[in-house]
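Enquirer: Fit chain B to the known structure of chain A by using the hints.
2 protein chains.
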Amino acid sequence: MQSPRVEAPLRTLMGPGPLNIHPRVYQALGSPVIGHLDPAYLKVLDQVAELLRMVFKTKNRITNAAPGTGTSGMEACVANLIEPGDPVLCCVHGYFGDRIRQMAERQEAKITVIEGEWGKPTDPQAVEKELKKNRYKVIGLVHAETSTGVQQPMEDIVRLAKEHGAMLLLDAVTSLGGVDVRVDEWGVDAAYACSQKCIGCAAGLSPVTFSDRAVESVRKRKHPVRSWYLDITLLDKYWGTDRVYHHTSSSTLNYGLLEALRLIEEEGLENRIRRHTRNHKALVAGVEAMGLEMLVAPEHRLPSLNTVKIPSGIDDVKVRSYLLETYNLEIGGGLGALKGKVWRVGLMGYSSSAENILFFLSAVSQALALQGFKADISAGLAAATSTLKA
Amino acid sequence: MQSPRVEAPLRTLMGPGPLNIHPRVYQALGSPVIGHLDPAYLKVLDQVAELLRMVFKTKNRITNAAPGTGTSGMEACVANLIEPGDPVLCCVHGYFGDRIRQMAERQEAKITVIEGEWGKPTDPQAVEKELKKNRYKVIGLVHAETSTGVQQPMEDIVRLAKEHGAMLLLDAVTSLGGVDVRVDEWGVDAAYACSQKCIGCAAGLSPVTFSDRAVESVRKRKHPVRSWYLDITLLDKYWGTDRVYHHTSSSTLNYGLLEALRLIEEEGLENRIRRHTRNHKALVAGVEAMGLEMLVAPEHRLPSLNTVKIPSGIDDVKVRSYLLETYNLEIGGGLGALKGKVWRVGLMGYSSSAENILFFLSAVSQALALQGFKADISAGLAAATSTLKA
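Going down the list, the sequences are from chains A and B.
Throughout the first sequence, residue numbering follows numbering that gives the first Met the number 0, covering 0 to 389 in sequence.
Throughout the second sequence, residue numbering follows numbering that gives the first Met the number 0, covering 0 to 389 in sequence.
Hints may contain errors.
[Claimed, not checked] Below, simulated EDC-like cross-link-like pairs (lysine to aspartate or glutamate); rule was C-alpha separation at most 16 Å, straight line:
# : chain 1 : residue 1 : chain 2 : residue 2
1 : A       : Lys338    : A       : Glu354
2 : B       : Lys42     : A       : Glu6
3 : B       : Lys221    : A       : Glu107
[Claimed, not checked] Some chain B residues near chain A, calculated using beta-carbon distances under 7 Å:
#  : residue
4  : Thr11
5  : Gly29
6  : Ile33
7  : Gly203
8  : Pro223
9  : Arg225
10 : Arg261
11 : Pro310
12 : Gly312
[Claimed, not checked] Incomplete in silico selection of chain B near chain A, CB under 8 Å:
#  : residue
13 : Asp37
14 : Leu50
15 : Ala201
16 : Thr384
These are computed hints drawn from the structure, not numbers from a lab.
Quantities reported herein were computed from a predicted structural model and do not represent experimental measurements.
Don't be surprised by glycine CBs; every beta carbon is placed ideally from N, CA and C.
Chain A with its partners taken away, still in its complex shape (with noise of 0.2 Å):
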């Protein structure tokens, strides 16, 4: 008897990631199998590695695509600059702030945790209250908070970071390639995101870039770090210019990931990160005009993932196995706290398109129409379009 055959369906993802790819990423994934030290091979690591460079805005020579997905490179960096007492600073407004705390907590750090509201920024006073108070070694900080669609301020934060002499490990799972990202500028010593969603590639790797600082803190540690698969010095062994097998690097993957990182190259980071702000104003235009209501306040927006409330009365789960039954359209459900609050709706990479945008509010205005909501879907696509257009 043999397993059947299951044809993935064709859905248009709008969710939190992963999103839909380009056609030519998906040329890219088929690339022939090739050996993780084939001379031909590392040259393509080493393409991947200066590209991520550009979009992470760093020159650090520890940049590479950890192999794993972007929890993997979230482990990568806490595992690596933290060890057992480190005083370190969480800082939680969401799901993914929570999950650095509980890694942190499994290098046995000395944490303290900024509790802040679910949809909303950290507040720098808290942050500089914190560290007026205590020496940290390490401030943990979510830029793209992929549970509740807040963008964090940097500024700020940025500038206390440096003032007090702390590493600051941030999260841009949900920015990087279509939201500024600035880790030379910012001073950000260990960063990690994904590959399957701003960037544009298919799941199972995670960008990571440590300053000198990192590295040298990493040199310094006095106990080993607790991951041997995801130890930095290692990954670097093999990516870097000793060429040291450490894992069996997936050409797949990585072949995707390049390709996804010439078309951002491409169009152009700017133009990438100016698409993502647009087409974000858009949807935000076209979802207001239409009577709902976004839940993060217009300065914290997100562009890549936008959290929309869901009406009082509204059945979440309905709504988005409607529309995926009907549709074949993915969007999130909320995420911990945010549970059956709002809808996570992603535009992100080749997915942040006025297709899509216009695709979410006309069939979103069905699925409501189902359960009594009347939404004004011309108001809301007139709005979405010369927000377009603008």
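Expert: Using the frame of chain A, we list chain B on its own:
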């Protein structure tokens, strides 16, 4: 200025892995990207888990593909089973046994090492002696040592582990899917493999399985698992019935893995194991008839990975570069203590074929001739062919 697109060269892969993959696996890797919580995708994960139970020969509920390469599976097994102070017996007779030891060190285990000769399996008498002396929580053992081409006989060590109540942690990276691995019959408590060797997929996933006893021991841990990313309890909350988000599972890789597993099911696991054995014997017959020698004694040879001694006076790197440049043929060099002393010739999955055997023998005879070594290629081809027909 645009970075060049560099197409992957089309190699014949006969190293330690990755190997060439079946066209149907390439097709599956090109499946439309789909969300990690999509009901259609969750069914795919169920299929993957069920077929992995078939190749592991287990009923273990916790059987899945960890989100990383084989080394991530090693870390998942070591980091979940072992906590600080645990007495662990590491059987080291090659590079990967030593890697288990290094990972156990990072868990601060109390480690005893049985050092064996590279090219020979671990001596069960040495294991018995240690088990009689001390109580061990875990025995770390490599079933198929990728660095030496040794297959560990399991019968005695399996019996000893049972008698002494120690848990067995098994590396099946180069055996699973091509060499017999019997998790339940042997009483293995945690085992891991990779997607890109005998299983026949691209790199990036690591099949793992945990016995009920192992799960119970994780539940009773005094310290949290040091890796959040590879915490098997969290991984199981996603792969199991709870379906709680843990990481963004790569649909690209899992559709590929499913198709590779379906190909194993179609061929029949026992037929596939016989094919690997027959092709291995044909390769050895050819190699020996040509005037070359194998590193490992006949009774301990691993069918999937063949270690051929480099004749004295022959320049290893020159031969491998010649094969790669002239024939697009990749074979592996020696690792660690065997660097420059052996070639590692992989016959795994789709790549374990008559054409690859004849191609390897012919090509290597030409490479050796350039350095004045006259291999008897006529005898080699005849011996391989008669073994293939037997």
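Enquirer: Determine for every hint whether it applies to the structure shown.
Expert: Going down the list of hints, with the structure as the test:
1. Proximity of lysine 338 of chain A to glutamate 354 of chain A is assessed by CA-CA distance (about 27 Å); at most 16 Å being required, the pair is judged violated.
2. At roughly 11 Å between alpha-carbon atoms, lysine 42 of chain B and glutamate 6 of chain A fall within 16 Å of each other, so this suggested pair holds.
3. Of the pairs offered as hints, the one joining lysine 221 of chain B and glutamate 107 of chain A holds, with about 14 Å between alpha carbons and a cut-off of 16 Å not exceeded.
4. Interface restraint check: threonine 11 of chain B against chain A, minimum CB-CB distance 10 Å, threshold 7 Å, status violated.
5. Hint on glycine 29 of chain B holds. Least Cβ distance to chain A is approximately 5 Å, under the 7 Å limit.
6. This hint holds: isoleucine 33 of chain B has a C-beta 5 Å from the nearest C-beta of chain A, less than the 7 Å allowed.
7. Satisfaction of the interface hint for glycine 203 of chain B is found here, the shortest Cβ-Cβ separation to chain A being roughly 4 Å, below the 7 Å cut-off.
8. Against a cut-off of 7 Å between C-beta atoms, the interface hint on proline 223 of chain B holds, since the closest Cβ of chain A lies about 5 Å away.
9. Hint status for arginine 225 of chain B: holds, given a least beta-carbon distance of 4 Å to chain A, under 7 Å.
10. About 6 Å separates the beta-carbon of arginine 261 of chain B from the nearest beta-carbon of chain A, less than 7 Å, and the hint is met.
11. About 23 Å separates the beta-carbon of proline 310 of chain B from the nearest beta-carbon of chain A, more than 7 Å, and the hint is not met.
12. Look at glycine 312 of chain B: its Cβ only gets to about 25 Å from chain A, farther than 7 Å, so that hint breaks.
13. For aspartate 37 of chain B, the interface hint holds, the least distance from its beta-carbon to any beta-carbon of chain A being 6 Å, beneath 8 Å.
14. For leucine 50 of chain B, the interface hint holds, since its Cβ comes within 8 Å of a Cβ in chain A; the closest pair sits about 6 Å apart.
15. Checking alanine 201 of chain B against chain A: minimum C-beta separation of about 4 Å stays under 8 Å; hint holds.
16. At its closest, the beta carbon of threonine 384 of chain B sits 28 Å from a beta carbon of chain A; the interface hint therefore is violated under the 8 Å criterion.
Against the hints set out earlier in the document, violations occur for numbers 1, 4, 11, 12, 16.
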